[in-house]
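Using the hints, position chain B against chain A.
So the protein sequences, as listed, match chains A and B.
Just so you know, this note's numbering puts 32 at position 32 of the first sequence, and the rest follows in order with no gaps.
Just so you know, this note's numbering puts 80 at position 80 of the second sequence, and the rest follows in order with no gaps.
Where hints are given, some of them may not hold.
In silico SDA-like pairs for lysine to any residue, Cα to Cα no more than 25 Å straight-line [what the hints assert, rightly or not]:
id : chain 1 : residue 1 : chain 2 : residue 2
1  : B       : K68       : B       : Q3
2  : A       : K57       : A       : G28
3  : B       : K42       : A       : T5
4  : B       : K42       : A       : Q67
5  : B       : K42       : A       : Q6
6  : B       : K42       : A       : N59
7  : B       : K42       : A       : V19
8  : A       : K57       : A       : L88
9  : B       : K71       : A       : N59
10 : B       : K5        : A       : E100
11 : B       : K68       : B       : S106
12 : B       : K71       : A       : G42
13 : B       : K42       : A       : Q44
14 : B       : K5        : A       : A56
15 : B       : K42       : A       : L30
16 : B       : K57       : A       : V95
17 : A       : K57       : B       : P94
18 : B       : K42       : A       : S24
19 : B       : K42       : A       : S86
20 : A       : K57       : B       : Y32
21 : B       : K57       : B       : S10
22 : B       : K57       : A       : S2
23 : A       : K57       : B       : Q3
24 : A       : K9        : A       : L88
25 : B       : K71       : B       : N22
26 : B       : K42       : A       : Q37
27 : A       : K57       : B       : A49
28 : B       : K42       : A       : N77
29 : A       : K57       : B       : A45
30 : B       : K5        : A       : Q37
31 : A       : K9        : B       : L46
32 : B       : K5        : A       : D40
33 : B       : K58       : A       : T101
34 : B       : K5        : A       : I60
35 : B       : K15       : B       : L113
36 : B       : K42       : A       : P106
37 : A       : K57       : B       : D31
38 : B       : K5        : A       : Q41
39 : B       : K42       : A       : F64
Rather than coming from a laboratory, the hints here were simulated on the basis of the structure.
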Amino acid sequence: DSGVTQTPKHLITATGQRVTLRCSPRSGDLSVYWYQQSLDQGLQFLIQYYNGEERAKGNILERFSAQQFPDLHSELNLSSLELGDSALYFCASSVWDGKETQYFGPGTRLLVL
Amino acid sequence: QQQVKQSPQSLIVQKGGISIINCAYENTAFDYFPWYQQFPGKGPALLIAIRPDVSEKKEGRFTISFNKSAKQFSLHIMDSQPGDSATYFCAASPQGGSARQLTFGSGTQLTVLP
Numbered sequence: 001d002s003g004v005t006q007t008p009k010h011l012i013t014a015t016g017q018r019v020t021l022r023c024s025p026r027s028g029d030l031s032v033y034w035y036q037q038s039l040d041q042g043l044q045f046l047i048q049y050y051n052g053e054e055r056a057k058g059n060i061l062e063r064f065s066a067q068q069f070p071d072l073h074s075e076l077n078l079s080s081l082e083l084g085d086s087a088l089y090f091c092a093s094s095v096w097d098g099k100e101t102q103y104f105g106p107g108t109r110l111l112v113l
Numbered sequence: 001q002q003q004v005k006q007s008p009q010s011l012i013v014q015k016g017g018i019s020i021i022n023c024a025y026e027n028t029a030f031d032y033f034p035w036y037q038q039f040p041g042k043g044p045a046l047l048i049a050i051r052p053d054v055s056e057k058k059e060g061r062f063t064i065s066f067n068k069s070a071k072q073f074s075l076h077i078m079d080s081q082p083g084d085s086a087t088y089f090c091a092a093s094p095q096g097g098s099a100r101q102l103t104f105g106s107g108t109q110l111t112v113l114p
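Isolated chain A, as found in the complex (with noise of 0.2 Å):
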């Protein structure tokens, strides 16, 4: 167990809806990070959050934004979903003081029908 939390841990929904995921860093952890895993496309990087603020985006679509909290919590939304949004997302944190170790959630595996 990572110590990372994700719900939920399975998600169906259909084309044109909108979903959030949320994401429970581990304790002391500042930084989030949000990836995606498809089989086409792999494991992707999509955005992280460090203390609050956005720090860095990867291949993220405008459909999709992402916030952290002041508590530390991160929440994914996912906007106008497409067949091509099936996926598995990941969260992981990480403390940043020179350690770089992401430590990564179960998932939410995401089913757009």
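Quick look at chain B alone, frame taken from chain A:
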């Protein structure tokens, strides 16, 4: 320049054998190279990591070899066990500040036969 290329895509090894997975990168700004292990239905878990100031790092049966001039690094699993059967990802992270997103290789599915 952000890519990390990983090979082979799949690997079958007999129990007790050596598993070798290779990765190559282009971006010279990368300065941290972890390997992650992922079992089905689970998130990736850090296995071992190396920084480019050393050429080799060993932890138990797992060794990373790093060739900075060739921009290549590899994972060696000695005495491979059936419990090592999983997908392995190499990754790289850039220098600088607190932006430490990982760029992953495409993964290697390792099967260790009993």
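For each hint, the structure was consulted:
The straight-line distance between the Cα atoms of K68 (chain B) and Q3 (chain B) is roughly 16 Å, inside the 25 Å bound, and the hint therefore holds. In summary, the hint linking K57 (chain A) to G28 (chain A) is supported, as the alpha carbons are separated by about 22 Å, within the 25 Å threshold. For the hint pairing K42 (chain B) with T5 (chain A), the CA-to-CA distance comes to about 12 Å; that is within 25 Å, so the pair holds. For a cut-off of 25 Å, the pair hint linking K42 (chain B) to Q67 (chain A) stands: about 24 Å separates their Cα positions.
Proposed proximity of K42 (chain B) and Q6 (chain A) is supported: the alpha carbons are some 12 Å apart, at most 25 Å. This hinted pair checks out: K42 (chain B) and N59 (chain A) have alpha carbons roughly 23 Å apart, not beyond 25 Å. Of the pairs offered as hints, the one joining K42 (chain B) and V19 (chain A) holds, with about 21 Å between alpha carbons and a cut-off of 25 Å not exceeded. For the hint pairing K57 (chain A) with L88 (chain A), the CA-to-CA distance comes to about 18 Å; that is within 25 Å, so the pair holds.
With a CA separation close to 24 Å, the supplied pair K71 (chain B) and N59 (chain A) stays within the 25 Å bound. Proposed proximity of K5 (chain B) and E100 (chain A) is supported: the alpha carbons are some 21 Å apart, at most 25 Å. Taken as a hint, the K68 (chain B) and S106 (chain B) pair is honoured in the structure, with Cα atoms around 21 Å apart against an allowance of 25 Å. The suggested pairing of K71 (chain B) with G42 (chain A) holds, with an alpha-carbon distance near 21 Å, which does not exceed 25 Å.
Distance hint between K42 (chain B) and Q44 (chain A) is fulfilled; the C-alpha atoms sit about 16 Å from each other, no more than 25 Å. Between K5 (chain B) and A56 (chain A), the direct Cα distance comes to roughly 22 Å. Compliance with the 25 Å bound is thereby established for this hinted pair. Distance restraint check for K42 (chain B) and L30 (chain A): the Cα-Cα separation of roughly 23 Å lies within the 25 Å cut-off, and the hinted pair is therefore satisfied. At roughly 22 Å between alpha-carbon atoms, K57 (chain B) and V95 (chain A) fall within 25 Å of each other, so this suggested pair holds.
Pair hint K57 (chain A) plus P94 (chain B) holds up; C-alpha atoms about 13 Å apart against a cutoff of 25 Å. With a C-alpha separation of about 16 Å, the suggested pair K42 (chain B) and S24 (chain A) falls inside the 25 Å cut-off, and the hint holds. Distance restraint check for K42 (chain B) and S86 (chain A): the Cα-Cα separation of roughly 17 Å lies within the 25 Å cut-off, and the hinted pair is therefore satisfied. Among the hinted pairs, K57 (chain A) with Y32 (chain B) is consistent with the structure: their alpha-carbon atoms are about 19 Å apart, no more than 25 Å.
Of the supplied pair hints, the one linking K57 (chain B) and S10 (chain B) holds, its CA atoms being roughly 24 Å apart against a limit of 25 Å. Distance hint between K57 (chain B) and S2 (chain A) is fulfilled; the C-alpha atoms sit about 23 Å from each other, no more than 25 Å. Taking the CA atoms of K57 (chain A) and Q3 (chain B), the gap is near 16 Å; set against the 25 Å cutoff, the hint holds. At most 25 Å may separate the alpha-carbon atoms for a hinted pair to count; K9 (chain A) and L88 (chain A) meet this at roughly 10 Å.
For the hint pairing K71 (chain B) with N22 (chain B), the CA-to-CA distance comes to about 11 Å; that is within 25 Å, so the pair holds. Restraint check for K42 (chain B) and Q37 (chain A): satisfied, since their Cα atoms lie roughly 12 Å apart, inside the 25 Å limit. Our distance criterion of 25 Å between C-alpha atoms is met by K57 (chain A) and A49 (chain B), whose separation comes to about 23 Å. Proximity of K42 (chain B) to N77 (chain A) is assessed by CA-CA distance (about 22 Å); at most 25 Å being required, the pair is judged to hold.
Between K57 (chain A) and A45 (chain B), the direct Cα distance comes to roughly 22 Å. Compliance with the 25 Å bound is thereby established for this hinted pair. Note on K5 (chain B) and Q37 (chain A): the hinted pairing holds, with a Cα-Cα distance of about 16 Å set against a maximum of 25 Å. A threshold of 25 Å between alpha carbons decides the hint, and for K9 (chain A) with L46 (chain B) the separation of about 21 Å falls inside it, so the pair holds. With a C-alpha separation of about 15 Å, the suggested pairing of K5 (chain B) with D40 (chain A) holds against the 25 Å cut-off.
At roughly 17 Å between alpha-carbon atoms, K58 (chain B) and T101 (chain A) fall within 25 Å of each other, so this suggested pair holds. Our distance criterion of 25 Å between C-alpha atoms is met by K5 (chain B) and I60 (chain A), whose separation comes to about 21 Å. For the proposed pair K15 (chain B) and L113 (chain B), the alpha carbon gap of about 6 Å is at most 25 Å, so the pair holds. Between K42 (chain B) and P106 (chain A) the CA atoms are separated by roughly 5 Å; this keeps the pair inside 25 Å, and the hint holds.
Distance check on the hinted pair: K57 (chain A) and D31 (chain B) sit about 19 Å apart at the alpha-carbon level, within 25 Å; holds. Under the criterion of a C-alpha separation no larger than 25 Å, the hint pairing K5 (chain B) with Q41 (chain A) is consistent with the structure, at around 13 Å. Between the alpha carbons of K42 (chain B) and F64 (chain A) the distance comes to roughly 23 Å, so the proposed pair stays at or under 25 Å and holds.
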